[in-house]
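Student: Same order as they appear, the protein sequences are chains U and Z. FYI, in this note's numbering the residues of the first sequence are 72 to 475. FYI, in this note's numbering the residues of the second sequence are 72 to 475.
Keep in mind the hints are simulated off the structure, nothing from the lab. Take these hints with a grain of salt, some might be off.
[As the list claims (entries may be wrong)] Result set (DMTMM-like, lysine to aspartate or glutamate): computed pairs, CA atoms no more than 25 Å apart in a straight line: (1) 432/U <-> 390/U; (2) 126/Z <-> 436/U; (3) 126/Z <-> 287/U; (4) 126/U <-> 117/Z; (5) 432/Z <-> 123/U; (6) 126/U <-> 91/Z; (7) 126/U <-> 436/Z; (8) 126/Z <-> 368/U; (9) 143/U <-> 365/U; (10) 126/Z <-> 358/U.
Protein chains: 2
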Amino acid sequence: MNVSQRIIAVQSPIIPTVADLIRANPGTISLGLGMVYYGPPREALERVIGFDQHKYGPVYGTLELLDTIASKLRSENGIDVSKELRVVVTAGGNMAFVNALLAIADPGDEIILNGPYYFNHEMAVRMANCRPVIVPTDELYQLQPALISEAITPRTRAVVTISPNNPTGAVYPEADLREVNELCRARRIYHISDEAYEYFTYGGARHFSPGSLGGEHTISLFSLSKAYGFASWRIGYMTIAESLFESIKKIQDTILICPSLISQVAAVGAMNAGRAYCMDHLRTLSEMRESVREALEGVGDFCVVPPTDGTFYYLIKLDTDMHPLCLVERLVREYGVAAIPGNAFGMEGCSLRVSYGALNKETADEGMHRLVQGVRRILRRPGRFCHGIRRQPPLALPNGKTRG
Amino acid sequence: MNVSQRIIAVQSPIIPTVADLIRANPGTISLGLGMVYYGPPREALERVIGFDQHKYGPVYGTLELLDTIASKLRSENGIDVSKELRVVVTAGGNMAFVNALLAIADPGDEIILNGPYYFNHEMAVRMANCRPVIVPTDELYQLQPALISEAITPRTRAVVTISPNNPTGAVYPEADLREVNELCRARRIYHISDEAYEYFTYGGARHFSPGSLGGEHTISLFSLSKAYGFASWRIGYMTIAESLFESIKKIQDTILICPSLISQVAAVGAMNAGRAYCMDHLRTLSEMRESVREALEGVGDFCVVPPTDGTFYYLIKLDTDMHPLCLVERLVREYGVAAIPGNAFGMEGCSLRVSYGALNKETADEGMHRLVQGVRRILRRPGRFCHGIRRQPPLALPNGKTRG
Chain U
72 MNVSQRIIAV
82 QSPIIPTVAD
92 LIRANPGTIS
102 LGLGMVYYGP
112 PREALERVIG
122 FDQHKYGPVY
132 GTLELLDTIA
142 SKLRSENGID
152 VSKELRVVVT
162 AGGNMAFVNA
172 LLAIADPGDE
182 IILNGPYYFN
192 HEMAVRMANC
202 RPVIVPTDEL
212 YQLQPALISE
222 AITPRTRAVV
232 TISPNNPTGA
242 VYPEADLREV
252 NELCRARRIY
262 HISDEAYEYF
272 TYGGARHFSP
282 GSLGGEHTIS
292 LFSLSKAYGF
302 ASWRIGYMTI
312 AESLFESIKK
322 IQDTILICPS
332 LISQVAAVGA
342 MNAGRAYCMD
352 HLRTLSEMRE
362 SVREALEGVG
372 DFCVVPPTDG
382 TFYYLIKLDT
392 DMHPLCLVER
402 LVREYGVAAI
412 PGNAFGMEGC
422 SLRVSYGALN
432 KETADEGMHR
442 LVQGVRRILR
452 RPGRFCHGIR
462 RQPPLALPNG
472 KTRG
Chain Z
72 MNVSQRIIAV
82 QSPIIPTVAD
92 LIRANPGTIS
102 LGLGMVYYGP
112 PREALERVIG
122 FDQHKYGPVY
132 GTLELLDTIA
142 SKLRSENGID
152 VSKELRVVVT
162 AGGNMAFVNA
172 LLAIADPGDE
182 IILNGPYYFN
192 HEMAVRMANC
202 RPVIVPTDEL
212 YQLQPALISE
222 AITPRTRAVV
232 TISPNNPTGA
242 VYPEADLREV
252 NELCRARRIY
262 HISDEAYEYF
272 TYGGARHFSP
282 GSLGGEHTIS
292 LFSLSKAYGF
302 ASWRIGYMTI
312 AESLFESIKK
322 IQDTILICPS
332 LISQVAAVGA
342 MNAGRAYCMD
352 HLRTLSEMRE
362 SVREALEGVG
372 DFCVVPPTDG
382 TFYYLIKLDT
392 DMHPLCLVER
402 LVREYGVAAI
412 PGNAFGMEGC
422 SLRVSYGALN
432 KETADEGMHR
442 LVQGVRRILR
452 RPGRFCHGIR
462 RQPPLALPNG
472 KTRG
């Protein structure tokens, strides 16, 4: 029995792969999780007591949650939800991206991702039979608008930006996002702006929403998963032009019917607690961030840690020929610590995404100790064998195009 | 800005369209809802008290729910979940269908649906750039295996059966399902068996699960939405061959990451209450079914009601040239009652899906009174105008193929 070609072209999800490794090696500390250490605010959990809405809700979300989102978008993002712009609640940010993609692109169309990319974006593009075109970011993981412009062809349907960025932590300056957005407007393609980590900026970095610039060409994606410790509840949302609303309704009706109502009820509570809830936790994350950075300096010369100002990730580059998944496998087996291999994000060479968001301070410190010790020892005595893991060649080529 | 061609090819979801009509006409009784009148069992609601699992869960569902499902499949469906067969929890039955489709079919491939079809299946097939091939059922809405066999081409990837059937209520005999399943096995294509309404049979009708026949070519889809009054919680599940497991994980990771954990926790409670919970309510539905049938006899000669033994639908055929959506619009505006126009299911001519599942006895009786009165009066004096609704041509052709 055959498996579809489109799914063969999609990389295996890396998170479950690493999770399997961790499960097989109890006691492993995971620096791989794309989650925060805290759960939802009290306001969210209290609202679901006595929940009694068991029938299907509207495809696009409950009016109560839509109103809550519209207020937040207006006051925090400068996005005016009026007749020309619609909000659609989704079962998480990934679904919002899939919705957008299916609504705007046909098989063979091209979607520009900035590399390193978020793996689920690249997977979604291939799943939709579109072609991911990877434009590299610079040494500091910042956008290169000139390269983006060059990569646009008649088949290009959208440029995707993620700021603050997963996996790099980069926060894109307003000027760069404006430039990309204007480029998309001029070339009549969509700008898909993923803002799942909008609250996670440090120091002087400031989040900017391209949706605030107006125009029907911007699709903005948001998630409650990180800000409100809401990962398991599966609630995200998107803003789209009115002209896409009918299409998005078709897609979400077919895939989901509606986002889970108990999660939507809780989401209203979370958003009522609001940004301040996340800000309280951001102070803790900021401290962890500093100690993770200090620890990474202990790895030595063969480790480059580009400085970034957002999320709870560092994407570190290691000077070795070792495949990053082999390195992760050895780190787990021999040192009891896991990170995400950079090839999952289209990185060439050996790199690791190190996440400290899901851990308490003590565990993160111990995890970093293991990581630094492990990387130093393994890379000074690199092993010659890599058991049990099929090598995946890197997907991004230096010319900014992808294979195949 | 463009909308994708694939989405233009997808029909607009009918349920929200009718819901809009109803909202604009307060007091309307809806005989259009594909839901039951009851909510989840106490066991489900009690389990979510103090829920505290806020991080992502496994892509394929929690071990606890998977175990619960495996026991149920073994004891009730005769499906043995062993190494060769996997269960994946989904955010509803629709998502299970989309997962299956993307995993087995490429653009241009054909999927055989039995007509009238479930609209979200047809929408999913088009969304995936595949071609729905509609094989008509007979006068009693029963399968025609010989026609299915004739419709198979080298591009065919699957035959989809739904039993008990939405929208017709037909329960397919074991012999017919065995024949279709054997046909699929012999032709090396998948048999996708949608069993969302497995508990909803009446009289002597008995549900049969083709998955019990073994073999990697059967994909079985299930849902908690109807049996446990679980529509808003979005939990379904699917059984697939081990050979499809990796593909399904890729797809669900990309679209959803994981089904909502609070819904999965509740689902375990619901399934512990078990089939008996649904059976208690089925007695009520059975009585309503009788009175709906009696009421429909009052419409007169120009109404054909094929007798069926399952679900909570009747798909009635009306002898008129009127477009069914125009009829529904007039029924809502003039008589305060709604049903689903049959063209959404690919029916030619004028037909209506009448659902009594979501209503209490009194409301259903009043709704049927309005429907019978409305249909009688409107069809004796058919209006010449249909305002505000764009006609959608029927999608199924008599030769069992679709347009385009």
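Student: For every hint, state whether the structure bears it out.
Tutor: Going through the hints against the structure:
Between residue 432/U and residue 390/U the alpha-carbon distance is near 28 Å, which puts this suggested pair outside the 25 Å criterion. Our distance criterion of 25 Å between C-alpha atoms is met by residue 126/Z and residue 436/U, whose separation comes to about 21 Å. For the proposed pair residue 126/Z and residue 287/U, the alpha carbon gap of about 34 Å is over 25 Å, so the pair is violated. A hinted pair counts as satisfied when its Cα atoms are at most 25 Å apart, and residue 126/U with residue 117/Z qualifies at roughly 18 Å.
Simply put, residue 432/Z and residue 123/U have alpha-carbon atoms about 21 Å apart, close enough for the 25 Å limit, and the pair holds. Straight-line distance between C-alpha atoms of residue 126/U and residue 91/Z comes to about 16 Å, which keeps the hinted pair within the 25 Å bound. A C-alpha spacing of about 21 Å is found between residue 126/U and residue 436/Z, which places the hinted pair at or below 25 Å, so the restraint holds. Between residue 126/Z and residue 368/U, the direct Cα distance comes to roughly 30 Å. Violation of the 25 Å bound is thereby established for this hinted pair.
Taking the CA atoms of residue 143/U and residue 365/U, the gap is about 36 Å. The hint is violated against a cut of 25 Å. Distance hint between residue 126/Z and residue 358/U is fulfilled; the C-alpha atoms sit about 22 Å from each other, no more than 25 Å.
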